[in-house]
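K.L.:
With the hints as constraints, model all of the structure from the sequences given.
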Amino acid sequence: MDVELLEIRQHLGRFPPFDGLTDELLDEVASQVEVAYFKAGKDILTLGQELHELCYIRSGAVEVYRRGGELYNRRVEGDIFGQFSLLRNHRVHYPVRAMEDTLIYFIPEAVFHHLCKVDENFAEFVELLRPRLESAVEQQKKNNDMMITRVRKLVTRYPVMVEASTTVQEAARQITDYQASAVLVLDAPGDNPRYTFRDSENRAWQLRGILTDSDFRKRVVAEGRSPDTPVGEVIGKNVIAIQSDESVHEAMLCMLRHNIHHLPVMYRRRPVGIVHLSDIIRYETQSSLYLVSNIFHQPSVEGLARLAPDVSAAFVRMVEEGADSRMVGSALSTIGRSFTRRLLELAEARLGPPPVPYCFMALGSMARNEQSIVTDQDNALVLSDEFVPEQHDGYFREMAKIVSDGLDACGYPYCKGDIMATNQQWRQPLSVWKRYFTEWIEQPNPERLLHSSIFFDLDPVYGENVLVEQLQDLVAQKAATHPLFLAAMARNALNRTPPLGFFRTFVMEKDGKHNNSINLKRRGTAPMVDLIRVHALACGSNAQNSFDRLDDIDRTQLLAPGVSDRLRYALEFLSMSRIHHQVFDIQHDQAPDNNIEPENVTSSERHNLKDAFQALSHAQKFLKFRYPMPSRAK
Amino acid sequence: MLLRPRRTQIPDWTSYLASRAGLARDRRLARFFAAGAPAPETPIAEAPLVALDMETTGLDPRRNSIVSIGLVPFTLERGFLRERRYWIVRPRRSLNAKSVTFHHITHADIAGAPEFDDVLEDLLDALAGRLVVVHYRHIERHFLNVAVKARLGQGVKFPVIDTMSLEARIHRQSLLARFKRWIGRPPASIRLYDSRARYGLPPYQGHHALTDALATAELLQAQIAHHYSPETPVGTIWS
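As you go down the protein sequences, you meet chains A and B in turn. Heads up, the first sequence is in the numbering used here, so the first residue is 1 and it goes up one at a time. Heads up, the second sequence is in the numbering used here, so the first residue is 1 and it goes up one at a time.
Since the hints were derived computationally from the structure, they do not count as laboratory data. Keep in mind that a hint or two might mislead.
To be verified - Computed cross-link-like contacts, SDA-like style, restricted to lysine to any residue with a CA-CA straight-line distance of at most 25 Å:
1) K39(A) with Y193(B)
2) K478(A) with N492(A)
3) K218(A) with Y178(A)
4) K624(A) with H392(A)
5) K39(A) with D125(B)
6) K42(A) with H227(B)
7) K39(A) with G206(B)
8) K39(A) with A113(B)
9) K42(A) with H171(B)
10) K42(A) with G206(B)
11) K237(A) with R269(A)
12) K42(A) with T75(B)
13) K237(A) with S300(A)
14) K39(A) with P61(B)
15) K42(A) with H226(B)
16) K39(A) with S15(B)
17) K42(A) with N145(B)
18) K42(A) with P233(B)
19) K39(A) with H227(B)
20) K42(A) with A128(B)
21) K39(A) with A47(B)
22) K42(A) with P203(B)
Stated by the list, open to error - Which residues of chain A face chain B? A few of them, derived with a C-beta cut under 10 Å, are:
23) A40
24) T102
25) Y462
Unchecked claim - Which residues of chain A face chain B? A partial, calculated answer using Cβ under 7 Å:
26) E7
27) E28
28) Q32
29) A36
30) Y37
31) G60
32) E100
33) D565
34) K624
Built from N, CA and C at the ideal position, the CB exists for glycine as well.
P.N.:
So this is what it looks like as structure tokens:
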């Protein structure tokens with residue numbers, strides 16, 4: 001052992017990937033090191049610079065930037081950087097600057113490559129590496145065509161367009177002539193500048209709507225209208241369209257959400273084409289779209305229940321084709337919402353029209369568009385203030401029961417905490433709901449909020465959406481100005497913590513105990529979602545989805561730069577791990593759950609999980625500090 | 001903080017070394033002097049440097065001996081560990097218990113170690129042409145001078161950058177430092193590891209000649225980054 005370099009090799013030996021090296025290799029590294037000091041603020045690596053060394057932070061901290069200059073991440077003592085340049089083309093892609101006074105050990109390229117050759121763990125570490133989480137997530141995205149393919153790629157021809165005064169007969173003739181399946185309907189500019197444009201002859205038009213093959217059947221023939229009827233009288237009132245630079249995935253979601261098969265594609269304010277469901281199917285063979293339209297065609301609860309296996313099948317295919325957690329969460333939520341909507345339609349068909357307006361409200365993961373394959377139902381009914389319990393509650397009680405029993409039959413078990421519209425407490429007019437939320441926010445205590453925090457993820461599913469939107473607004477407006485409420489929510493968000501470590505065969509808990517399985521929801525995604533919710537409430541965000549919430553949080557100074565990206569990656573990784581393990585369960589004929597066993601985890605996934613848990617742990621510490629319980633003395 | 005060079009008696013090293021080269025009787029010394037030192041106006045960023053540290057049996061060159069020598073060639077930009085040198089040498093005078101505990105060098109280490117004479121050539125060659133950097137110049141330069149003179153009949157002197165005296169200029173002689181002393185604050189410690197801490201440099205296990213040499217090299221890089229500039233002429237900071 002080369003005792004002279006003890007100082008260097010001991011330090012290296014404490015940090016991965018050097019911690020796994022033999023003493024001889026460590027000595028070799030230590031003896032080849034070059035040292036340099038960088039004062040805080042000084043550039044260490046500049047964009048495009050040639051690089052032939054691996055950089056190791058002996059002391060201090062650095063910031064890594066993206067090409068465009070925005071902060072990518074931070075590295076501290078014991079971290080390495082520059083390995084990507086060494087593995088690729090020796091050019092610096094991510095400039096690095098000293099954030100504090102920093103001492104760097106430069107490890108020559110030859111030593112780096114030698115280590116990669118002789119030590120498999122070292123190679124695995126630097127390749128997958130360090131922005132391990134990030135690269136893992138980016139990799140998943142890259143594999144996924146739907147996320148990056150823009151919808152304009154699916155537009156193969158110009159749309160057929162007619163004026164609103166055209167007769168339906170003429171429109172039908174044009175559709176036939178052009179071998180299309182829909183026409184866009186234009187009119188003089190009016191109320192909507194978003195869809196107003198000028199044609200090549202400089203005439204101004206506004207897109208008014210779309211008339212499809214099936215509209216001729218449903219809206220013209222079935223209703224006994226004359227062939228001379230102007231198309232303007234037949235089309236629906238709202239235009240649902242998508243911008244050409246949105247992703248195919250977004251187009252799919254838009255169709256799912258509105259249950260439509262034709263989608264006008266806009267370049268800014270001008271229509272440039274129509275995308276049909278089948279166009280997307282060509283790109284996207286998974287069947288969540290079919291499933292949704294199938295749901296809406298079921299005449300009975302029994303029919304719906306028979307679709308439950310299709311949900312798992314669609315889930316597995318989606319994951320196998322490389323969907324990320326947002327796509328999966330969003331598709332499963334849409335499927336769940338579709339079941340709920342169809343059950344409500346069936347209930348209305350049986351019970352007659354509702355006596356007063358209502359909105360069926362989703363809570364928890366469905367409201368966040370983050371539903372998983374293992375989920376129970378959380379829902380409530382918000383009724384119009386015209387509601388008179390003695391006269392109307394019988395109707396809604398019955399409706400709630402039909403929906404809740406139906407959902408249970410379709411694979412969404414009853415909520416253990418009884419947060420369902422069948423519970424009278426959660427089947428109330430808007431004014432009562434407003435009182436609930438006001439009390440929770442203005443007179444909070446952690447115990448009470450523990451059971452009601454689920455209500456702070458809320459979204460309309462069916463009915464008069466405005467009833468639920470008012471509640472969303474109330475929460476967004478009030479929460480931010482009530483520190484006691486935020487403190488109580490923050491305290492609850494700390495109830496569930498990540499494990500300390502994650503090893504080949506066990507999970508290390510903070511108290512030193514070993515476990516041989518871990519609940520990834522309880523120990524990972526749920527606490528992450530909880531803490532994001534607190535920040536979102538603090539910044540007055542109206543968003544429900546955790547990633548959307550992080551976008552809103554980013555617009556404030558609430559989190560230090562780079563922190564929200566780290567949370568995003570950590571949440572994405574935890575969610576995907578959970579999803580992959582559920583797929584594994586389904587494929588092995590086991591009931592999927594939220595548990596994973598460390599022995600079923602690959603070593604790179606283990607590294608990533610460690611990083612994600614660490615990100616969560618840091619974020620929890622910050623949460624505690626950021627939202628302290630205001631002292632009583634005040 | 002901008003610092004004025006201190007007005008002290010600094011020899012004209014360039015002509016001194018040149019004249020010595022002609023007078024040296026020993027070829028090893030002649031070679032060392034002939035390599036000279038960077039001209040005083042050389043910017044520090046362009047000067048080849050070498051950090052030097054010695055562990056000794058005591059503080060008096062006439063009564064105590066050198067036990068180990070460590071050096072790390074470096075520049076303002078990089079320290080080159082690969083070119084480091086480290087020798088344990090057998091002292092002429094015996095080790096006492098105190099210096100054993102201090103340097104972690106034991107009698108067993110020394111038993112098989114070479115005499116100073118045997119490493120002298122390698123040492124002078126490693127220093128030749130480079131500007132020597134030490135922390136507290138009165139140890140290394142004097143010990144080396146006395147040891148060389150005892151063996152070759154001729155001493156060896158050369159310019160050094162003393163990181164301790166640079167630290168003293170900053171923390172003891174600046175206006176602010178004098179003001180602080182005037183109001184009764186204790187002076188800042190300018191010992192190697194206390195000085196390093198001020199620049200965010202990590203603590204090392206001290207009293208190993210090679211580690212201390214590396215520590216000194218890093219300290220100079222930090223001092224220049226904070227208080228001087230890469231263009232600072234070496235002549236304004238050597239002594």
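K.L.:
Each hint: holds or not?
P.N.:
To see whether the hints hold, each was checked on the structure:
1. K39(A) with Y193(B): holds (18 Å)
2. K478(A) with N492(A): Given that 25 Å is the threshold and the Cα spacing comes to 19 Å, the pair holds.
3. K218(A) with Y178(A): With a Cα-Cα distance of about 22 Å, the restraint between K218(A) and Y178(A) holds, given a limit of 25 Å.
4. K624(A) with H392(A): violated (45 Å)
5. K39(A) with D125(B): violated (32 Å)
6. K42(A) with H227(B): holds (14 Å)
7. K39(A) with G206(B): holds (23 Å)
8. K39(A) with A113(B): Status violated; Cα separation ~40 Å.
9. K42(A) with H171(B): holds (23 Å)
10. K42(A) with G206(B): violated (28 Å)
11. K237(A) with R269(A): With a Cα-Cα distance of about 18 Å, the restraint between K237(A) and R269(A) holds, given a limit of 25 Å.
12. K42(A) with T75(B): holds (17 Å)
13. K237(A) with S300(A): violated (30 Å)
14. K39(A) with P61(B): violated (37 Å)
15. K42(A) with H226(B): holds (11 Å)
16. K39(A) with S15(B): violated (36 Å)
17. K42(A) with N145(B): violated (40 Å)
18. K42(A) with P233(B): holds (22 Å)
19. K39(A) with H227(B): holds (11 Å)
20. K42(A) with A128(B): violated (32 Å)
21. K39(A) with A47(B): holds (20 Å)
22. K42(A) with P203(B): Judged against 25 Å, a Cα distance of about 22 Å means the pair holds.
23. A40: holds (8 Å)
24. T102: Cβ of T102(A) sits 7 Å from chain B, so the hint holds.
25. Y462: violated (60 Å)
26. E7: holds (5 Å)
27. E28: It is violated, given that the least Cβ distance between E28(A) and chain B is near 11 Å, above 7 Å.
28. Q32: holds (5 Å)
29. A36: Hint on A36(A): holds, closest Cβ of chain B at ~5 Å, below 7 Å.
30. Y37: Holds: closest Cβ of chain B sits about 4 Å from Y37(A), inside 7 Å.
31. G60: holds (6 Å)
32. E100: Result: holds, 6 Å to nearest chain B Cβ.
33. D565: violated (26 Å)
34. K624: This interface hint is violated because 28 Å lies over the 7 Å limit.
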